[in-house]
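Going down the list, the sequences are from chains C and R.
Note that the first sequence covers residues 1 to 473 in our numbering.
Note that the second sequence covers residues 1 to 76 in our numbering.
Honestly, the hints are just simulated from the structure, not real lab data.
You may find that some hints are simply not true.
[Stated by the list, open to error] Below, a list of computed lysine-lysine pairs in the DSSO-like style, where the Cα atoms sit at most 27 Å apart: (1) R:K27 with C:K461; (2) R:K68 with R:K27; (3) C:K287 with C:K330; (4) R:K17 with C:K101; (5) R:K68 with C:K101.
Source: prediction; values computed, not measured.
Each chain is listed here by its residues.
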Amino acid sequence: MAFEPREDQKELKYDELRIYSDEELNNYTEEELKNFKVKHDISMLEDLESGPWPSFIADAKRGALHRRKLADDRMLIERDVIEDMLGQLQISFKDGETHWKHGGIVGVFGYGGGVIGRYSDLPDKFPSIAHFHTMRVNQPASKFYHTDYLRSLCDLWEYRGSGMMNMHGSTGDIIFLGTFTEQLEPIFYDLTHILQQDLGGSGSNLRTPSCCIGRARCEWSCIDTQDMCYELTHYYQDELHRPAFPYKFKFKFDGCPNCCVASIARADMSYIGTWRDEIRIDQEAVKAYMGGEIAPNGGAHKGRDWGPFDIQKEVIDLCPTKCMWLEDGKLMIDNKECTRCMHCINVMPRALRPGEDTGVSILFGAKAPILEGAQMSLLTIPFMKCEPPYDNIKENVIEPLWDWWMEEGKNRERLGELIQRQGVSKLLEVLNIPPMPQMVKEPRSNPYIFWKEEDVPGGWKRKIEDYRARHAR
Amino acid sequence: MEDIKKAILDFAENSKKTKFYFSDMEKAVHKVLPDAKTRMIKKAATALINEEKLIYFSTGSSTMYGLKGRGQTEDH
Ligand code: HEM
Ligand code: HEM
Ligand code: SF4
Ligand code: SF4
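Work out the full structure, taking the sequences as your base and the hints as a guide.
This is the structure we're talking about:
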């Protein structure tokens with residue numbers, strides 16, 4: 001189905017929107033960079049530059065030199081913002097404690113998320129970072145950009161902010177790092193009115209949904225991750241911008257179990273594309289792999305000689321459910337035992353493809369370690385059809401789930417923690433779905449498992465003495 | 001809607017805390033209006049934000065509400 005934007009999309013032209021000339025953007029030489037000294041002592045930070053990876057310190061120095069050389073009226077916040085940030089960071093490294101104050105009431109009008117207030121607690125020493133607010137910019141689905149858009153965005157941020165940004169935060173947003181309160185509304189105005197760009201989520205709301213590259217580039221995508229991400233982002237605007245959840249809530253969409261956006265590890269609600277019919281097999285191509293005519297793994301391991309391809313060792317023996325075998329030179333799969341792990345398909349993409357009856361698996365409750373340790377999400381709905389506008393998922397899954405969590409969740413309790421506290425059986429009841437044998441951890445130990453308190457006369461609290469009066473021990 | 005807004009403001013003005021979670025506000029509304037739906041309470045809170053009577057307070061990871069002018073002011 002062709003993509004239908006919810007509103008007309010203008011074509012952005014950098015030449016019309018640009019703030020800086022080419023000379024201003026390239027305003028220092030590599031020679032000048034070598035001799036450049038940040039105005040504060042940053043010796044400990046500079047150690048980081050000697051490591052094997054590109055260092056953000058090296059990038060920050062470039063930004064600092066660039067700002068040194070811009071004319072006064074070409075930046076709306078302090079010139080020294082990057083140098084002061086580095087100076088404060090050096091002190092934090094030395095003392096082992098942060099100098100950022102946590103939280104605040106800044107934001108753009110009507111939005112409860114998208115802006116995170118940050119202030120230095122050493123404002124006299126580092127006045128340029130007295131305010132250092134972060135803004136989250138909602139990345140487009142799969143992070144496809146037009147360079148005209150990116151350049152316009154960068155110019156806007158150089159002009160009204162520190163110029164430093166992070167591509168991308170863990171929810172996928174483009175992160176603008178560091179500006180003053182009075183710049184927030186003008187930036188928001190330009191983003192929304194000129195660049196047709198919304199802010200993302202932060203705080204106790206739906207966070208910016210994110211998706212894998214999906215059908216745009218990947219033949220394995222069993223669902224249209226981009227369409228779904230776009231649709232749910234628009235449909236749940238109120239949840240994204242007006243926080244009323246107990247805590248954060250993340251949606252992530254992966255087109256197949258390879259899980260390129262790691263939805264299973266990072267989302268309260270993970271959508272993973274899958275199929276319920278059979279893996280498609282091209283036996284001629286299987287033979288070609290076995291005969292060494294096609295490189296396994298799309299040629300990804302060519303850097304070293306691993307010897308001839310061995311289908312038994314590299315595919316069949318590694319199948320986690322041992323549901324594959326060779327029969328008369330043909331590759332056989334017992335599809336009802338296949339867990340859709342993608343391994344065989346990844347190794348032999350020209351011979352094996354996901355099935356054609358595709359849909360989504362839905363999993364709940366992944367989170368980072370703050371309480372109870374890190375948790376992966378729990379496979380709860382093994383298969384569901386997944387077609388726009390996804391009403392079956394919105395009405396039968398998302399909304400009952402949110403109603404439960406908003407009702408029962410404690411402040412700052414993630415969905416995964418609520419599931420732990422009240423039990424998987426409660427989750428299944430909320431979603432009105434039957435349990436699967438895979439969800440059972442051990443034989444039942446409580447004969448009352450079938451009973452709910454409201455079904456028992458007197459509930460759990462009736463007096464044992466009454467009973468004992470009639471029945472001796 | 002107006003009665004929910006009033007219940008929220010009463011709570012915000014009389015609460016000992018200057019910042020509170022949505023669920024605290026919800027509980028306070030339910031004391032006065034037991035049948036108020038969460039969705040309506042959220043709508044009322046949003047309306048109060050838009051009327052600049054309530055403010056959001058965010059740490060970045062979680063969000064609280066407050067009465068404008070009470071507790072923390074615009075800057076710091
Ligand atoms: C070596 C002897 C025994 C073994 C290995 C054994 C093993 C088991 C096992 C594996 C279960 C299934 C647990 C479940 O699915 O929840 C079970 C259930 C049960 N057994 Fe035994 N059992 C033994 C002796 C007995 C005796 C002597 C009695 C009664 C006098 C008994 C009464 C029961 C009852 C009533 C259940 C059902 C419990 C429930 O489902 O909640 N068992 N037993
Ligand atoms: C006419 C007499 C009886 C009938 C028709 C009957 C029927 C049943 C049935 C249908 C179940 C299965 C419940 C389930 O789905 O788990 C059951 C379970 C059981 N019955 Fe009986 N029963 C009778 C007598 C007794 C007696 C006399 C005892 C013990 C003294 C007893 C002990 C149990 C126990 C321990 C269970 C397992 C309960 C559970 O863990 O779910 N039954 N009975
Ligand atoms: S998750 Fe699957 S469908 Fe999405 S990009 Fe990765 S391999 Fe392709
Ligand atoms: S997808 Fe995984 S589980 Fe299924 S047949 Fe291939 S290797 Fe086995």
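Tested hints:
1. Simply put, K27 (chain R) and K461 (chain C) have alpha-carbon atoms about 25 Å apart, close enough for the 27 Å limit, and the pair holds.
2. The straight-line distance between the Cα atoms of K68 (chain R) and K27 (chain R) is roughly 20 Å, inside the 27 Å bound, and the hint therefore holds.
3. At most 27 Å may separate the alpha-carbon atoms for a hinted pair to count; K287 (chain C) and K330 (chain C) meet this at roughly 8 Å.
4. At most 27 Å may separate the alpha-carbon atoms for a hinted pair to count; K17 (chain R) and K101 (chain C) meet this at roughly 20 Å.
5. Between K68 (chain R) and K101 (chain C) the alpha-carbon distance is near 21 Å, which keeps this suggested pair within the 27 Å criterion.
The earlier numbered hints are all upheld by this structure, with none contradicted.
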